[in-house]
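Colleague: Dock chain to chain to rebuild the complex, using the hints, since each chain is given by itself in its own frame.
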Amino acid sequence: MKVLLKIGIMAWAAFLSAHANPYVYLDELTLELDRATLYNGAPVEILSQESETSKVKIKGFASKDEPNTLYATPNMKVVLAQTKEPLHVNENSSASLEIEIQTSLLEEDIESVWGTSMDEFYNTCTQCHAANEPHLHTMLEWDGLYGSMKEFSKPTPEQDELILRFLRSFSSDGFVKFDY
Amino acid sequence: MSLSRRGFIKTTLLGSAAAATTTASATELFSPVKKVPHASHFGAFYAHVQDGKIIDIVPHESDHNPGALTKALLDRNYSNTRIKYPYVRKSYLEGKKDHAKLRGNDTFVRVSWDEVAKLVAEKIKTTPMENIYNATYSGWSHSGAVHSCPSLCGKFFNTVKGGAVGTYGEYSNGAAGPTNPGIVGDMEVYSLQTAHEQILENTEVYVMWGADLFKTNKIDYSVANRKNDQYYHKYKQSNIKFISIDPIRTETAKMFDAQWIQIRPNTDVALMLGMMHHLYTTNQYDKDFVETHTDGFDKFLPYLLGKSDNTPKTPEWAAAITNVSADLIKSLADTFVKNKTFLAGNWAMQRAQYGEQPDWGLITLAAMIGQVGTPGGGFGFSMHYSGGGQAAAGKRTPPGFAQGRNKVRTSIPASRISDALLNPGKEIDFKGNKITYPKIDLMYIAGCNIVGHHPDTNRLIEALKTLDTFIVQEPWWTPTAKMGDIILPASTTLERNDIAYGGSYSGDYIYAMKKAVDNPYEAMGDYDIFARLAKEFGEKEYKRFTDGKSELEHIQDFYSKSDGPSVKSFEAFWESGFVKFEIPKSAYAFVRHGDFRKDPVANKLSTESGKIQIFSQKYADYGYTHFKGHVTWFEPDEYLGSPKTKEYPLHVLSPHPTYRLHSQLDNVWIRHAYKVANREPVRINPKDAQKYGIANGDIVEVFNERGSLLAGAVVTEDMMEGVIAIEEGAWYCPEDPAKAKSRCNSGHVNVLTASRPSSQMAQATTSNTVLAGIRKASGSLLHNQAYSLPKLQHA
Numbered sequence: 001m002k003v004l005l006k007i008g009i010m011a012w013a014a015f016l017s018a019h020a021n022p023y024v025y026l027d028e029l030t031l032e033l034d035r036a037t038l039y040n041g042a043p044v045e046i047l048s049q050e051s052e053t054s055k056v057k058i059k060g061f062a063s064k065d066e067p068n069t070l071y072a073t074p075n076m077k078v079v080l081a082q083t084k085e086p087l088h089v090n091e092n093s094s095a096s097l098e099i100e101i102q103t104s105l106l107e108e109d110i111e112s113v114w115g116t117s118m119d120e121f122y123n124t125c126t127q128c129h130a131a132n133e134p135h136l137h138t139m140l141e142w143d144g145l146y147g148s149m150k151e152f153s154k155p156t157p158e159q160d161e162l163i164l165r166f167l168r169s170f171s172s173d174g175f176v177k178f179d180y
Numbered sequence: 001m002s003l004s005r006r007g008f009i010k011t012t013l014l015g016s017a018a019a020a021t022t023t024a025s026a027t028e029l030f031s032p033v034k035k036v037p038h039a040s041h042f043g044a045f046y047a048h049v050q051d052g053k054i055i056d057i058v059p060h061e062s063d064h065n066p067g068a069l070t071k072a073l074l075d076r077n078y079s080n081t082r083i084k085y086p087y088v089r090k091s092y093l094e095g096k097k098d099h100a101k102l103r104g105n106d107t108f109v110r111v112s113w114d115e116v117a118k119l120v121a122e123k124i125k126t127t128p129m130e131n132i133y134n135a136t137y138s139g140w141s142h143s144g145a146v147h148s149c150p151s152l153c154g155k156f157f158n159t160v161k162g163g164a165v166g167t168y169g170e171y172s173n174g175a176a177g178p179t180n181p182g183i184v185g186d187m188e189v190y191s192l193q194t195a196h197e198q199i200l201e202n203t204e205v206y207v208m209w210g211a212d213l214f215k216t217n218k219i220d221y222s223v224a225n226r227k228n229d230q231y232y233h234k235y236k237q238s239n240i241k242f243i244s245i246d247p248i249r250t251e252t253a254k255m256f257d258a259q260w261i262q263i264r265p266n267t268d269v270a271l272m273l274g275m276m277h278h279l280y281t282t283n284q285y286d287k288d289f290v291e292t293h294t295d296g297f298d299k300f301l302p303y304l305l306g307k308s309d310n311t312p313k314t315p316e317w318a319a320a321i322t323n324v325s326a327d328l329i330k331s332l333a334d335t336f337v338k339n340k341t342f343l344a345g346n347w348a349m350q351r352a353q354y355g356e357q358p359d360w361g362l363i364t365l366a367a368m369i370g371q372v373g374t375p376g377g378g379f380g381f382s383m384h385y386s387g388g389g390q391a392a393a394g395k396r397t398p399p400g401f402a403q404g405r406n407k408v409r410t411s412i413p414a415s416r417i418s419d420a421l422l423n424p425g426k427e428i429d430f431k432g433n434k435i436t437y438p439k440i441d442l443m444y445i446a447g448c449n450i451v452g453h454h455p456d457t458n459r460l461i462e463a464l465k466t467l468d469t470f471i472v473q474e475p476w477w478t479p480t481a482k483m484g485d486i487i488l489p490a491s492t493t494l495e496r497n498d499i500a501y502g503g504s505y506s507g508d509y510i511y512a513m514k515k516a517v518d519n520p521y522e523a524m525g526d527y528d529i530f531a532r533l534a535k536e537f538g539e540k541e542y543k544r545f546t547d548g549k550s551e552l553e554h555i556q557d558f559y560s561k562s563d564g565p566s567v568k569s570f571e572a573f574w575e576s577g578f579v580k581f582e583i584p585k586s587a588y589a590f591v592r593h594g595d596f597r598k599d600p601v602a603n604k605l606s607t608e609s610g611k612i613q614i615f616s617q618k619y620a621d622y623g624y625t626h627f628k629g630h631v632t633w634f635e636p637d638e639y640l641g642s643p644k645t646k647e648y649p650l651h652v653l654s655p656h657p658t659y660r661l662h663s664q665l666d667n668v669w670i671r672h673a674y675k676v677a678n679r680e681p682v683r684i685n686p687k688d689a690q691k692y693g694i695a696n697g698d699i700v701e702v703f704n705e706r707g708s709l710l711a712g713a714v715v716t717e718d719m720m721e722g723v724i725a726i727e728e729g730a731w732y733c734p735e736d737p738a739k740a741k742s743r744c745n746s747g748h749v750n751v752l753t754a755s756r757p758s759s760q761m762a763q764a765t766t767s768n769t770v771l772a773g774i775r776k777a778s779g780s781l782l783h784n785q786a787y788s789l790p791k792l793q794h795a
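Residue numbers (the numbering used here), protein chains in the order written: chain W, 1 to 180; chain B, 1 to 795.
Partner residues are not named here, just some residues of chain W that face chain B (Cβ under 10 Å, in silico):
{"id": "1", "residue": "Tyr122"}
{"id": "2", "residue": "Asn123"}
{"id": "3", "residue": "Thr124"}
{"id": "4", "residue": "Cys125"}
{"id": "5", "residue": "Gln127"}
{"id": "6", "residue": "Cys128"}
{"id": "7", "residue": "Ala131"}
{"id": "8", "residue": "Asn132"}
{"id": "9", "residue": "Glu141"}
{"id": "10", "residue": "Gly144"}
{"id": "11", "residue": "Tyr146"}
{"id": "12", "residue": "Gly147"}
{"id": "13", "residue": "Glu151"}
{"id": "14", "residue": "Asp179"}
Lysine-lysine pairs mimicking BS3-like chemistry, simulated, CA-CA at most 25 Å apart:
{"id": "15", "chain 1": "W", "residue 1": "Lys177", "chain 2": "B", "residue 2": "Lys618"}
{"id": "16", "chain 1": "B", "residue 1": "Lys161", "chain 2": "W", "residue 2": "Lys177"}
{"id": "17", "chain 1": "B", "residue 1": "Lys585", "chain 2": "W", "residue 2": "Lys150"}
{"id": "18", "chain 1": "W", "residue 1": "Lys177", "chain 2": "W", "residue 2": "Lys59"}
{"id": "19", "chain 1": "B", "residue 1": "Lys604", "chain 2": "W", "residue 2": "Lys150"}
{"id": "20", "chain 1": "B", "residue 1": "Lys580", "chain 2": "B", "residue 2": "Lys568"}
{"id": "21", "chain 1": "W", "residue 1": "Lys177", "chain 2": "B", "residue 2": "Lys434"}
Note that these hints are calculated values from the structure, not bench results.
Positions of the beta carbon are idealized from the N, C-alpha and C atoms, including for glycine.
Next comes chain B alone, as it looks inside the complex (with noise of 0.2 Å):
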C-alpha cells in the first residue's frame, strides 16, 4: 500500500485522533495531550505533553523492558537543580587575584547571553590553544547526534582556535582498551559479542566474570531497549550452569541462581593463573588451539611453572591469594575445560593497579580452555554493556558532526588530569612512549560531571584551583558546575530537536528525538550554544561551524547519510518518530572470532604474529616494571592482602549505579527510594557491621588517607566479607567547601578512590584499588547539600 504524504498525515491524524478518543480525560477535551517521540540513554519514550508541560514519560515500542530510570526524566526536566540563567563567579567577574582559591565556595552572578559571550570568547581568543584543555569527555550526556556535547566542543575548537589539548583514552575501559589490541588484534571491550542465539543453544557453562548483566544493560550508549532482558527469560529457563566471579552476589547472580566464587578484589589474575596451572599440569589445556592459534605459549610457561621466578603459580599460591579454595580453583577449571564454556569478562576488574593484566589472563585462560571462536564457547568482554549479545541489523545509523583535525598534538590520558594540571612539564610513560604535560589554563566542560567521575575528587579539587578560567556547560547544577567560573545554561533534550539510533549493537532503529516542550528560562541546546560562542569569533568561524544549516537541516542531513531513507522518508520519519530496520537471520548466528577460529591464516588478527599473543615481545621490549611481555600477577599497593589493611581494613568498590547513570539522574525522585537517609548506601557484610558496630540504616563514615564520607548502612550478605561497596555517582556535596578534604556528606565515592595510574602501559583509572575504615557517624549532622542550589546573585 502507498501513502501519499498528504495522506499520510490525515491518516497518522486520524489515529492520534481515535488513540485521543480512547484514551482522553475530561481535561483533555479542552487540553489536548501531544505525544511526543523522544529517545534517551534510558529508552525511547513518548513525552505526553499538556498545556506546554510535560505530563507523563510513556514507553516506545522498542523498549523491552521499561522502568523507572526512563520514567524519571520527567522529573529531572523540572528539577530544582536546573541551571536557568548565565552565570559568572563573582570573585572571577571581579577579577580578583586570589579567585581561583574560591571556586567551589562562591557567588554566582546572573549575567546575560551577551556579556557571558563576550566573556568566553575574549578567554578563549587570549589563551593559547596548547592551554586550553577540552574537558569534555565521552558521550553519556544524552543520546543525540546533533547536540552531542564531545562533538560539539571538539567542532568549536577546531573551527574557532585551530584546536586544543585534548583526553586520551577513557576511564570505562582505560587499561583494557589500549592493551588488548596487542593481545588479540581488537580492543574487545566494545566490539559485537557473540549472539544470545548461540549461547542458549550451546553454552553449558556460562561464567560471569564480574560481570552484572541485567543492571548495566539497563542503559546503552546509544538509545537503550533492554532487549537483553528477553533473553534473560530464556537464560532463566536453559540448563546453562551459572557462574559468578564476584565479590558482590549481584541481581543477575541470583536471577541466574549463579554458584557465586568470592574473591578478594583485584586478584582475578592469579585466580586465573591457578587454573592455568592446573590446566597444564593435568595436561587438559587444548594443545591444539595453543599451537595453531596462539603465539609465544613456551615464554609463558616458565612464568606460569616458576622456573623464571621460583614462584609456581599453582591453584595453592592462588588460593592464599585469592580467598578461593584450591580445590575449588581445580574444579572450576575442571569444568571450564570439559564443558562448553563462555567467560563473561568485565570492566571493572581493569580499573585497577595493573588493570592491563585482567583481561591478558582471560584471554589467555580461554585460549588454553581452547573454545574462542565456538559457538556459545570462549571469551566477551561486553555482554554486560548496551545490550551486548544482541544481533546486529548492520545498517547506518545517522552520523553526528565531524570535530575536523585538532592542531594541538597534546592529549592527557583520561585518568591523569589531576595530575596534570598539577605538573605541568612532567613527563610520563605511555604505551612505550612519554608524554609530557601541557601547562593548562582554561578547561571548558560540556555535558558531563568530571567531579562525579574523576578519581580522587580531593586531589581534582585541588587542581581545578590551578586553573585561571573554568568554563562549564551544563542544564543541572552538578558537583561541576558548582565548581565552575563561567556557567552556561544548557536546554534539555526535551526543549529541543535531535536525533539518535539505537541499540548500540543491533542499531536496528533510528529516533527522532523532537522537541517537546519550550525551555521556559534562558537556556539554550549545546549546539546553538557553541553556534553563538563561534559568531564572537567572526562571521566566518560562525559559518564554518554550523555549515549554514539550522537544527532541523543538520538532523535531516544526518538522517540522509544513514539507510533510514530505504525504509522511510524524512518527512514520515520525522512524523512517525523512528524508523525500523529488519535484523538479517544471519546475524543471529554471529560467533566473535569465529571466522579467526576456522582460519586463523586467512582471518589473521592484527598482532605481531596475527594469532592470540600469550606472548608479546612488543610488550616485553617496553622495559616496564610492572607491564611485561606475558600476563603477570602483580600485588597491588591496596588489597586485602596488603599491610595497608591494618589501617584501612575493608576493600571498597565502586560499582555501576543501579539507578543512574553514572551521575545522572541523582537529582531526581528515585533516590528516594534507595538512598538511606538522604545518602548514598555503602553495602557492607554482616559480620563487618557486627565488627564495627554498624546496624542497618546507620549513618556511617568511610575514610582513608584522601578522604572520607558519609553513607547510609545496607547490611546484606550479598556482600563478600571484608569488602563494601559504593555504587558511583553520587553527587558530591563538602560539608565545609572553604575547607581541604571536607568530609563528603553525600557518599561520593570518589573522595575515596585512589588517582594512581595502572601502570607505566596505560595510564588509566584504578578507582577499584582501595581500602578504607568505617565507622558509625557520631554527632550531629549536617543536612545533604548535593542538591542544593549555590549561592545566586540576581543582579
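Isolated chain W (complex conformation) (with noise of 0.2 Å):
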C-alpha cells in the first residue's frame, strides 16, 4: 500500500513538474527580439511550441503611463518586457505579451533561471551576517532592508540590479515561488 502510494505521489509531482509554466532564461539579464525586451526570468505560458522556436504568453501588469513597460506584479517593482509598441492595459492593470521565442531559452528549473542572481545575493549579503531568505519580506521591505545594508557592501550597479531583482522576484508578494 506505501509503495502504491509513494508511486502515486511521484506520478503526480512529475505530472506537475512536467506541466510546470517555464521562465526566460537568458546569459545576460535581458534579450533585444525584434518585438521587444525580454528580461531573464520572465514566467510564460506556452501557447505553441516546435523544437526551434515556441509562442510564449507572458502575463503581467502595466500602467497607462507607462504602457511599453511589462511588470511581473501589480506594484510595478520587476519588469519582464519592454516593448516596442504600447500593451494593451486593461482596466485592472493587467497586460499580456505574445511573442515568439527560442525554445531553447525556456527552462523550468527556478535555481537555473535565477542561479546567477541566487548566487549575487548570497555572496554579497552573508559576508557581515546570515541571509534573511527573501520570502521573509515583501518587495517594499526589500527595498528598504537591502538600501539600508548596501552601503555597507558597495555592490557594483551590476550586482544591485541582480540582487534587487532576485530579492523582489522572491520576495513574500513576488512571483517567484521557490521551495528550498
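Modeller: In C-alpha cells form, the structure reads like this:
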C-alpha cells in the first residue's frame, strides 16, 4: 500500500513538474528581440511549441502612463519585458505580451534561471551576517532593508540590479514561489 | 615618485632601522623590537614584539583618541583565562545519560585535536540539519574578515551539512530594525548619518535622546578611529544647545553641559506624544511637511487628541507617566520647533517592552517639527554608533566569506532562543506571520558569549540544559565556554593573519591584521578550526570550504576585491599595514533624507505611500494587540508607574559598558580600575542609597523574581532617583553552579532582565524593562570566580 502511495505521489509530482510554466532563461539580464526586450526570469505560458521556436504569452501588469513596460506584479517593481509597441492595458492594470522565442531559452528549473542572481545575493549579503531568506519580506521591505545594508557591501551597479531583482521576485509578494 | 618593489622594501627597512635607532633600549641591541601592524574593534595599532612576545600596544595614526581599551589587548592575549587545549566535558565524554544536568558544573577533560574533530564531526553528521542551531551571532568577536566567526560558521554548516537553523535579527536593534523600514523605508539604525560638518554649521539644538555619543563611539563594528572625539571638541566650542533626555546623566551630557531631562525609563513614547499634542494644539507643527512628506496623519490624529480612546495625549497626561513636568514638555517642544533641532535617537529605548514604538514616535515627532532632511535638523538613530556622523570615503572595502545558501528555512528571532529551546513546536507571531520553533539538539557557537548577551540568564541556563550537545569555539573561558560540552580553543587575532577595514561609516582605511606572535598552546585560528572540521566530512567538503586557498591567499583575494589596489599593491599594503582612502569633499555635505526632502516624488521612500508612514495600513492589518497602525503608548509590565514597584521599587537599566565591548575585556586589568570589590558597579542615586541604607563601596544584592546578583554600589547624582544602572557584560559567576537561580557573584545584569518579547511584531529583546529591589549584602561572601578556570583534567 505504502509503495503504491509513493508511486502515486511521484507520478503526480512528475505530472506537475511536466506542466510547470517555464521561465525565460538568459545568459544576460536582458535579450533584445524584434518586438520587445525580454528579461531573465520572466514566467511564460507556452501557446505553441516547435523544436526551434515557441510562441509564448507573458502575463503581467502595466500602467497607462508606462504602456511599453510589462511588470510581474501590480506594484510595478519587477520588469518582465519592454515592448516596442504599447501594450493593451486592462482596467485592472493587467496586460500581456505574446511573442516568439527560441525554445532553448525556456527553462523550468528555478535554480538554473535565477542561479546567477542567487549567487550574487548570497555572496554579497552573507559576508557580514547570515542572509534573511527572500520570502521573509515583501518587496517594499526588501527595498528598505537592502537599501540600508548595501552601503556596507557596495555592490557594483550590475550586482545591485541582479540582487534587488532577485529579492523582489522571491519576496513574499513576489511572483516566484520557490521551495528550498 | 615611483619606487620599485625592491626599493620600497629597502626604504621601509631603512625607515624601520632609523626608527629603531632613535627608540632602541639596551635590550633591543640583542633582541630587536618588531612593530607588527594590527587592528581591532578598539582601534588599529602596532604590536611591539620582542623575543616572540608582545611587550606593548602602540596606537596607529588613524586612532584619533587612543585609550586603555586598545592597550588592554596585550593583557587579554596573555590572560589566565585562555583556553589552551581542546576539552570535552567529563560526563558528556563518558556518555552519561543525565550529562546535560551537569552542564556548567563539571570537569573538562583534555583531548587531542584529532579526537575532538572526529567527535564534533560525528555529532554533526548524525544530527539532522533542522535540529542544529548555528548560534554564532553577529561579528563583534573581532574585526577580521578571514577568521570572521559568523561567516565561517555559516559557510561551514552550509558546506558540510546543507545548512542549520540560524538567528533572525539581532539584539541591538531587534525591535526597531524590522519595524522602521515600514515607517521610513530604511532600517535607519545603521544608515549613514548627517555629516558632523552639517551639524556644526546648522544645528542650534542637539537632543541626545538617550544617546551617549562619547562612550559608545569608543568602539566600532569594524575598526574604531575615534574621529568623533575630534568633532566633540568642536561641538563643545559651538553655540549648539545640548539637551539630554535620559535617566542617566551621561559622560557626554556632562561634557557638553547638556540640559538633563530626567525621564522615567520606558516612557519616552509618552513624552513624544505629549510634545506632539502640544505642537498640534498650539498650531506650531509643520503642516506643509506633514502634507507633502508623510502619510496617514489624519488617522493618527484621533488617537493623539484622544478621540479614539478618550485619552488626549496632553503634556499633562505625559507628565504623569514620564516624571517630566507638563511645562517642561511644552517648553521643550517649543524649543525644538523654533530652532534648527537635531534629534539623536538611541537603541536602548527600543530594547524594551513595546520597543517597536519609540523610533516611530521620534520619527513622527520629527515629521511634525518638519526639519527632516534639512542640514542640521531632523533625526538620526546612529550618531552614537561606530563613528556615526563621519563622512564616507565611498570606497569598496575588503569583503568577507560568502556563507552560501542555507537550506534550513527556519530561524529563531534573536531574543527568543531560550523560549525556542524550552518549547520546540511552539508557534509565535512574528511580523504578520507565524514561526514554529524547531527542536534543537545540537548548538554550535563560535566567538560569542550567549550567556553574556542573552536576557534572563537563569532561563537560558535551563534552556541550554535541554541540548544534547553544545559546542563552543573560543579563545577564553567565558561563561559560555564554561557551559559547553566540547570546547575548541581558538587563537587570538594577534596569533594569525587577517584583513579589516574601518571605520564602519568612514570606510577610509584598510588594515592588515598581521600575526604578531605564535600561539604557545594548541589553539588554532577560527578559519583553520572550521577547515579542520570540514576535512572530517571529506576532501570535497574541505575544498569547498577553503576554496583551495590558504589564509594569506584569502587575504589577498579580499584585498583584490576592494579599492585598495588603486592605492597600493597588495605587497605594499601588507608591508606597510594599511591603505588610506581620501574622503571626497561632497561627503562632508551629506544630509540624511536630504534628497527625499527636496523631491519626495522622485526620491520616494520604500514605504506604502513613498512617504513617512505616520499611519501604516499594513501594520494595522496585522491586528496585534500591542502594535497598531501608528505610534501608540502601551504601559509596560515593569516600570516606575506599575504596581509591581511595591515589590521591586527600582528600575534597572543595563547600558553599554564604559570600559568593555559587551563582555569583551572583562578579563583584563582595566576592571581593577572601576569594579567595586571585584564586582560590577551598580550606580544609584544618593536618596535611594539612603533609603536602602547603602553607602558608596558597599557590596549590595540586587534581586527580582528572575534572579539576584552581587554588585558594588556607586552612589552618584548622575542617576535619576528610582533608577539604577548596571552595565551589561560582566562575566556571569553563579555562587553555586549546581543550584538553579544561584546568585551571581560578579554582577552580571542579565540574571535580572526578562526574556519577554517586545511584542508580537518584532519579538525583540526587552532587557531595559526591569524592576528590582536592592539591599546591602550580608553574611560571608565568596570570592568572585568569574575569571577563574573551570575544573580541568589533563589525562
